[in-house]
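Undergrad: Sequence:
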Amino acid sequence: MNITTLTGTGQQTRAIERPHPLLSVMTWELRRFFASRLFWLQALGFFCFLLFVIWAMKMPSQFGRSTMPGQEALDGFVAGTSAWGLLTNLPSASLLLLVLLLPFVTADGVTRDLSRRTHELLLTTSLPTWAYVWGRYLTGLLISLGLAGLLLVAILLVGLLLHMTVPTYPLPPTGVVLLLWVGMVLPATVLVSSLGFALSTLLPHMATLVKIVILVVWVIGAVILPNGFHDTPPPTWYVNWDPTSSVTALGLLPKYSLHLSTITSQAQLQQILFTVENQMPDITGWFVPHQLLAVLSLLLVLVAALAFQRSRTMPS
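Residue numbering for the sequence shown follows the working numbering, beginning at 7 and increasing consecutively.
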């Protein structure tokens, strides 16, 4: 009786001490990333490039009025880190830059082992397949979210520096910046990371093609298609469900406008401009669909995890 009790206690102790397989995979992967100098250099380079891009678009719109009888000259600009400025620049510039990097972070989570033949080592371990696949995916997603966080920091930092150096440049509205980051950047990060990982895992022979297709489709949706609307309002369903947020921004921008004919002084222009450009965007219609797109992409990762075979071959 006592022997049985001791044995059971020892088994329980070993069970408690044994790390969860999912956490083990994530820990291994994070250590691999963090131990790489190239990874840190790439992250630093990406952050510096973001700072440059956001600074270069610090005044996406400038307007003015020459001196007229009874009216003084007006000169103003839209701050790139304001709500108006972010809707103009974010989807087609800094967010696009982030998306171009994400497939190379997440897509090779499993296919890297397959191409190196190291996946055969899995056959000799008791690591559950689900833990292996989800661990690799979640690690890549964490890195991707970290890069998205760098984008948020870059926007706030550039806005603060411009406010300190340009007297008329307003501080970035933190609430608006966070709203657009959660509504546009975060869903796009999860969506692209999930699509890249799931499709590459399901189609390991075409992993490179998967990355190229994702990038091409995103560029078309973020840059080319929105330019086709010109002055035509985009369809409501497109505004609400556009994963690139470029058309979403087009649907939100009409709210941000000025009527210079009613403005009589530079001081009045600055006051009205500050009020208009920092208005909270209307989240009705598009915010929830963007989050749903991110959630639905997780289902594709689930399919990839269920369909993954521990023993498969790669072409020579």
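Rather than coming from a laboratory, the hints here were simulated on the basis of the structure. Don't take every hint at face value.
Derived Cβ-Cβ restraints for the label pairs, each shown as a range [claimed, not checked]: (1) Leu305 - Thr180: 44 to 54 Å; (2) Leu302 - Thr242: 16 to 26 Å; (3) Gln276 - Phe235: 29 to 39 Å.
In this text, a Cβ means the ideal position worked out from N, Cα and C, and glycines have one as well.
Undergrad: Against this structure, judge whether each hint is valid.
TA: Now for the hints, and whether the structure bears them out:
no.	hint	in the structure
1	Leu305 - Thr180: 44 to 54 Å	33 Å, violated
2	Leu302 - Thr242: 16 to 26 Å	20 Å, holds
3	Gln276 - Phe235: 29 to 39 Å	31 Å, holds
The earlier numbered hint that this structure contradicts is number 1, and it is the only one.
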